[in-house]
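Model the full structure from these sequences, guided by the hints.
Spelled out, the chains give:
Number of protein chains: 2
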Amino acid sequence: MTAREKHDRMANAIRFLSMDAVEAANSGHPGLPMGAADIATVLFSRFMSFDPIHPHWPDRDRFVLSAGHGSMLLYSLLYLLGYEDMTIDEIRNFRQLGSKTAGHPEYGHATGIETTTGPLGQGLANAVGMAIAERKLADEYGSDLVDHHTYVLAGDGCLMEGISQEAIALAGHLKLNKLIVLWDDNGISIDGAVSLSDSTDQQARFEASGWETVGVDGHDPDAIAAAIERARSSDKPTMIACKTTIGYGAPTRAGTSKAHGSPLGPEEIIGARKALGWTSEPFEIPSEVLDDWRVVGLTAGKKRVAWQERLDAADATVRGEFERRMRGDLPAGFESAMAKYKKQLADDQPKVATRKSSEMALEVINGALSETIGGSADLTGSNNTRTAQTAPITPDDFSGRYLHYGIREHGMAAAMNGIALHGGLIPYGGTFLVFSDYARPAMRLASLMGIRSIFVMTHDSIGLGEDGPTHQPVEHLAALRAIPNHMVYRPADAMETAECWELALADTGSPSTLALTRQNLPALRTEFDKDNRCAYGAYEIASAADDAVVSIFASGSEVEIAVQAKSALEANGHPTRVVSVPCLDLFAKQSEDYRNAIIGDAPVKIAVEAGIRQPWDALLGYDGIFVGMNSFGASGPYQKLYAHFGITAEAVTAAAESRLHDHAGRK
Amino acid sequence: MTAREKHDRMANAIRFLSMDAVEAANSGHPGLPMGAADIATVLFSRFMSFDPIHPHWPDRDRFVLSAGHGSMLLYSLLYLLGYEDMTIDEIRNFRQLGSKTAGHPEYGHATGIETTTGPLGQGLANAVGMAIAERKLADEYGSDLVDHHTYVLAGDGCLMEGISQEAIALAGHLKLNKLIVLWDDNGISIDGAVSLSDSTDQQARFEASGWETVGVDGHDPDAIAAAIERARSSDKPTMIACKTTIGYGAPTRAGTSKAHGSPLGPEEIIGARKALGWTSEPFEIPSEVLDDWRVVGLTAGKKRVAWQERLDAADATVRGEFERRMRGDLPAGFESAMAKYKKQLADDQPKVATRKSSEMALEVINGALSETIGGSADLTGSNNTRTAQTAPITPDDFSGRYLHYGIREHGMAAAMNGIALHGGLIPYGGTFLVFSDYARPAMRLASLMGIRSIFVMTHDSIGLGEDGPTHQPVEHLAALRAIPNHMVYRPADAMETAECWELALADTGSPSTLALTRQNLPALRTEFDKDNRCAYGAYEIASAADDAVVSIFASGSEVEIAVQAKSALEANGHPTRVVSVPCLDLFAKQSEDYRNAIIGDAPVKIAVEAGIRQPWDALLGYDGIFVGMNSFGASGPYQKLYAHFGITAEAVTAAAESRLHDHAGRK
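Which chain is which? The protein sequence lines are A and B, in order. Here our numbering is used: position 340 in the first sequence is 340, and no number is missing along the way. Here our numbering is used: position 509 in the second sequence is 1176, and no number is missing along the way.
Don't take each hint at face value.
To be verified - Covered stretches of chain A (in silico footprint by chain B; criterion: 3 or more residues with CB under 8 Å from a CB of chain B, positions within the stretch not fixed): (1) 24 to 38; (2) 110 to 119; (3) 480 to 490; (4) 533 to 543.
Simulated from the structure, these hints should not be mistaken for laboratory data. From a predicted model like this one, the values you see are computed outputs, not experimental measurements. The beta-carbon is built from N, C-alpha and C at its ideal position, and this holds for glycine as well.
What follows is the structure, encoded as structure tokens:
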């Protein structure tokens, strides 16, 4: 048997598992796995470092299927290579409820799935983050412990999405030469030929951003291998354009959009079996072919053994720290450093913007943690994301801890996800809260995957002032809170900001957004408390002088307003309590008793937030009053905007008194 | 006086107005207007067709300041050129509440502002839409009536945002040769030199997508003019890279990021006055310089007179239709065509997915309206956005009415905004609802501008099935409803779909999103009604057999479930009414009486929607029950998903009965 024959039958194993699974599910995408089977076979059988028995081995190569609809390519590989949890039954249950083989690869469903993909372009940008993480950790720990590649299989859709440009430009700039993108250049998209909507010379485009590129026949194993070899020795990231036929092997659908996203049907599959000489039953892989694949899996694992020996031989402190960071645990000294800082805050009672108190917290955090890696989408001085410890990373020097992500919010968020997925680092990155819209698809995926990406979103309301409505978030707190498993924090002062940072860093199962002000805020929490009060999501920050007749709920910059209104109301004889609500998501997770106690039974309830009412309705019920926004903002000095939109202590006081008056009248 | 001297003082007028306005506001961005003043002066004084007295002249050239932070460049131009509403007082009131001179250019605040910009990259993509509209209308009406250019001034930020790639690739593909982008290549971003985060060869990048490019000294008027001349005769879109100095003229800040986003300060301005030989008082333009500019404005207007003569000479029907379309009115026959279609629906009672009934409605709409221009981000067959009337537009033939936007949701939405802003066409475009996240920044701007972009968002819930959670919207209805002035429609059957389309088309002040199912739904509205019931946002679709003890509120595909639950509840002796809620946004606009009547006083209230609860809290109060999603979805056949997540008639019935039981127990 020639090497080519062996290759072909290994590749065909992917093709037929994919065809069979899609057919059984009566749903799915056979075209990509069939077209890219040769690429994947070459990559995994000749290049990839990984270990099916130790799938989380930190120094494994990363493989990202950016074209996530081709999930059966990945599932087939994992099964064939011997990943234990990817059984043939899972393949048979493709796209069924409860299976590990979801329609698109879901991170956490099965080992070997490095990231959740499907929304196009995300995987490519995740991979940039993974390659950044590799380079950064290699700089810290040396190539003995960290030396691996990141491979991406991307489709036309990935390259058409705008996020791809952000990713490509960032990778090219940073000279991420261990990032290798294999473009499945099949010339087909859902509507038909790619030429219906695109005429871009993709190789020229990548080259314009500092990439190496090479074009090959995506069905010629040796050509693919030569291209990967060349890519691995380049000092730039490389894009390999692999000319392929979508649905390769299908007699009438190959090379057409009909092969893309639906089962081929029995007749077409019979034709493919004939064309490719495949005689096994559906879901059956000839034992000699399975052996070929399993040998690949076993052989690849040998590198891990050598690596483990190097790790074992390393300095115990280095090893301990490396292992801690890869586990994602926070270091021992962190808690006490934060406690010391919070005691200092209680003494100093600084009147600063929460973006500034975030920077102050980060000075402590970045001092106590070596694994944080900061950045901003070109708003460093505004987001206050850089601290004394974080020198910029440059293309030729990765000793820094700060990334100038450029004006690329979406690429930043997706790269942060890649950094978090890689492990060993905790990424945080900043932009204006309003531009969370640009980053939203990646923020959603962070939430779906449950990874620790921390988004520092400053200028969190009309409080940003003169830049006007295009820059003023109004609906963004609501829209981010709406994402499942996304923690939105909006601290009211420096103490709450410190607490929210603690919560975000400790949360290994959810991404967090910190919504922070541009404008200064007074210290409201002026005593040190060992208990992290923000952990409850909402808590009484100022109790009423007597049995409360008014409860005011507020977050962030509006807690100050609530406290002022309380004073005015109590001066007028209306006992009033104030509840600070730094995190509605956490509040919703508290016990019913706690929630009821916090909501309280004061006859008048008011929520104050310089955003829309929607997230507060649950707390306010029918009767509650909302003081906030119900339109876009405007351009002007922020104090005037607060007055213009009626978000003032006077407005809160007046609304409460009017309602108290109504109640009295009714009695 | 030489031509150059005249140019310089005209350009300096922009520079000093900008410096003075930013200084007075103590906020703003002087750097771009100072750096790009030469480009703008050349463009407006030598090339632009426009008429300050008739600013809405349909055949004017469009100028888009994509780098919206440089708003003072535009405001200065409008003032200098004699646009009536841009007075010197407005310039003096830059960035003040209520002025026309907001921090970023706001469409509708002053004439001559063609689009709202600030969120980077949007203007560039709007301009692609404007150029598409021009080419399309020129194809329909001939160059006598439609023959103008679209000019864009873009900054580094615009080109770094991913949306720029989508826009560039689409424009290059469509050969939009009347689109000319002037890149303010000043090498500076907020964090410092662009080289901190980017190494892209922008000219090579544009060329890779089929653009002509040329590089010039952005302070050399004749070089700029020659480049624009060349661009105007190209058969491709052109990008002119203009090497400039940010803050040109400022003695110490020019060429640095310090010139970008804050006032220069009195000393720096004194230095600039000295350097540029400017002796007038702040906000004062020497009369001879103002005259030079006003002559430009008057001269440019002459083209409009000739154009008006051509329009007057045109066939009366053509003229009438052209004027109607430019006004944005719907044609006379539309209402009756829809009435006829709805009568037919009442007869046929089709059981189809709402994506299909949207296609059916579009067949009628596209037959009755010549101005609709459809498209999809490469999901044509899934979004059902193409009808018999809409042949594809190709690079060489714009006679069609359908755009293959490619896998570019963001670029599509922003281009649609540009088409809507241009006038004469009504854009609609499709993708999956979950990918509204990709398009969200442009959808927000459509809402802020109040323009008629219609987003056709199919696969609107877990009902899409096997593609899994990456493709299943859960929070998207909430997140879109959260955007002020954005109408979210979720029709329950073919009749409601027709009504929602009527509402979206008639609404010239808001963009609309139609959320549509993949799965089939029965006809629930089986009688023809002249009154558009969806116009109320919510209405009783099934009344209770007796005084209702249960009210069920539902939208879209869940109305069927509500109706089934009603039957079950009434069979058990619990009179139940069902309220269909196709548009919560419209419901919120109804009178309090109407809203109260619709909410009703049944003791048990249940809302059913395959999304999160947040938007329903206002309707449910504390006591209401919600049957919907509180997590991400899953991959599986959709019926199983509905059962798995408990969104079934049985679940609704059980929840209602349990609550009724509690109530009875309490009595």
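Quick check: which numbered hints come out false for this structure? 4
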